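Sequences listed follow chains L and U, in order.
The first sequence: position 379 = 1469 (this note's numbering), numbered continuously.
The second sequence: position 112 = 385 (this note's numbering), numbered continuously.
Worth flagging that the hints you see were computed from the coordinates, not collected in a lab.
Misleading hints may appear alongside valid ones.
[Unchecked claim] A short, non-exhaustive set of chain L residues, derived as facing chain U with CB atoms under 10 Å:
1. R1102
2. R1318
3. S1319
4. P1320
5. A1344
6. I1393
[What the hints assert, rightly or not] Partner residues aside, some chain U positions facing chain L, computed with beta carbon under 7 Å:
7. I330
8. A347
9. L348
10. S351
11. T367
12. N369
13. Y374
14. L377
15. G383
16. R475
17. F481
[Stated by the list, open to error] Per label pair, the in silico range of CB-to-CB distance:
18. V1421/L <-> Q372/U: 24 to 30 Å
19. A335/U <-> R1102/L: 40 to 46 Å
20. G389/U <-> G1098/L: 15 to 21 Å
21. A1460/L <-> E303/U: 29 to 35 Å
Every value quoted in this text rests on a predicted model; they were computed, and no experiment measured them.
For every residue, glycine included, the Cβ atom is placed at its ideal position computed from N, Cα and C.
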Amino acid sequence: MTLPLIVGRSLRQHLLSTLVTAFSIALAGGLLMSVWVVKRQAHETFTGQSGGWDAVLGARGAKLQLVLNAIFHLEASPGNVPYQDYLDLASNRAVAAAIPLAVGDNYLGYRLVGTLTNYFTTEYAPKKTFALAPGGRLFEDGYREAVLGSFAAKRLGLKVGDTFQPYHGLNFDPTKQHEELYTVTGILEPSNTPSDRILWIPLAGLQNMSGHDPNAAADVSAVLVKLRSPIAGQQLDVLYNRQGNRLTFAWPIAKQMADLFDKFGWFDQVLGLVAVLVALVAAGSILASIYNSMNSRRRDIAILRALGARRTTVFTAIVLEAAAIAALGMVIAFGLHFAILTGAAAVIRAQTGVVLDPFAPDAVMLWAPAALITLSALAGVVPAFKAYRANVADGLAPES
Amino acid sequence: MALLEISNLLKSFRAPDGAVHEVVRIPRFELEANTQFALAGPSGTGKTTFLHLIAGILAPDAGRITLAGHELTALGESARDRLRATSLGYIFQTFNLLQGYTALENVLLGMSFGPGADHARAEALLRRVGLGDRLHHHPRQLSTGQQQRVAVARALANQPKLVLADEPTGNLDSANAAEVLKLIRETCAENGASLLLVSHDRDVLASFERQASLAELNRAAQPKGTVV
């Protein structure tokens, strides 16, 4: 009972410095945990996100750009794929499914993607296929109809029966509105994939949109591919990437994203270094805070010693106080962490459609508090040693 | 056997200029159990140093102090702390209450390092010194007289065999001084604790049947006005 009482009263007695120091620990811990979790979840989510597809066929260009464009609906398409190439691929015995995509238009910044209705019946994740919200239906080929991703529909405020006029280009330009009027026939249930941000229309609708090059009307932007076996991927890789020179076959999809993250491997080291520095600065702030208050604690320490407290008792009390400040800081840090992560997840979802889980458990939530509290307790050893060596008789002398 | 036995006690300090100043040189002093003894000690006679030596807060350069059968000067620091926590109470001129703690917590701490916290006893002691309605007040919320009463309760909290009082009325007005002195003497007697009080106040000294002059007891040559 004695040590908790001494620590508790000391924290209360130095309330302002306790709160300021705890908040600096909270900032350090909160930022450390949130950056770590965003980095790890982003890596896992982006490298694990394939939309249920094994590969992407596109115009000759970078595989990464092809994957970003066809799977994540980011970046521009590297070029067009002749429709015959799509048909050839679709009829290849190594291919289980091939779905063409066409891009090039938007509505108020949200991308329109032309495709076939069997896109929606393909599993985008194991045992998961797209579902329509009640009251909706898929678009019909040959009609100016649209199925909206849940996020896009919510943001645009569109519902079944509403109409909209698309704009030309991937970026919104109010001067480039198309003449065609599309009617919303369905809204997809959230899938937590980039598809949630898309306005899906029939392939032919996008190909034949007014103002598009009529010579490329039959072309597609990319073809999503599901393979019968991994060996098929190797065969098609050789066929398109080594023997051919017109098209690019991006396979496997996860590898393209993993390669992207590998290029930022140095970032992990920088982050690790920043984490160590942040932890050291936080521990240093505790050391400075307690050490600077040692003069005002001199009398209290002397009184405790006069009452029979041992040197080790006052030493332990100060180490525990440092640890308690860090623990209080880490409690606040968790609130900060969840706030930062919720904000970051909202931004990442709005920009990419990829959904991070702010409340998913992560090892950093154990080791970061443990490390910061331990480091802070170690920082407390310096003022604790000063308390340990304090001269009791001097501390009890009347103050002049 | 006396409760407190002191022989050939010597304590000196080194001044910043390197000179060694002898502050305490007491050839012999004894105090029986259940007695109340006053030492007349004007400034510069080494009274605080003497009491700190008895309390084990300072270690002597030479000599022997035996308290309740324990040779204090032969004990390690940890054992001296333990003896202080279990056998001694200390009342200071400036009260030395812990400002962040309530009156009750101050008294509880007085027993925490020794026999262990006993809420009932702590409350009873505070009621005995007339602070039953001030248990949860902090020192800054109490008058100086009330603060010294808390200090008296704290000094008796660990059921000490000896209470040391260093100018306990020095910071109080005459009315409060008389009341607090009476309280100290009564409560020490009630709790079976001996009292060794040092004061330069003639009124305080006059109330003691047994007293001596610390200046005569202490053979150390003290320059007048030295504060130790």
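A quick look at each hint next to the structure:
| no. | hint | verdict |
| --- | --- | --- |
| 1 | R1102 | holds (6 Å) |
| 2 | R1318 | violated (75 Å) |
| 3 | S1319 | violated (73 Å) |
| 4 | P1320 | violated (69 Å) |
| 5 | A1344 | violated (59 Å) |
| 6 | I1393 | holds (5 Å) |
| 7 | I330 | holds (5 Å) |
| 8 | A347 | violated (18 Å) |
| 9 | L348 | violated (13 Å) |
| 10 | S351 | holds (6 Å) |
| 11 | T367 | holds (5 Å) |
| 12 | N369 | holds (5 Å) |
| 13 | Y374 | holds (6 Å) |
| 14 | L377 | violated (11 Å) |
| 15 | G383 | holds (6 Å) |
| 16 | R475 | violated (22 Å) |
| 17 | F481 | violated (24 Å) |
| 18 | V1421/L <-> Q372/U: 24 to 30 Å | holds (27 Å) |
| 19 | A335/U <-> R1102/L: 40 to 46 Å | holds (44 Å) |
| 20 | G389/U <-> G1098/L: 15 to 21 Å | holds (18 Å) |
| 21 | A1460/L <-> E303/U: 29 to 35 Å | violated (57 Å) |
Hints 2, 3, 4, 5, 8, 9, 14, 16, 17, 21 from the list above are not met by this structure, while the remaining hints are.
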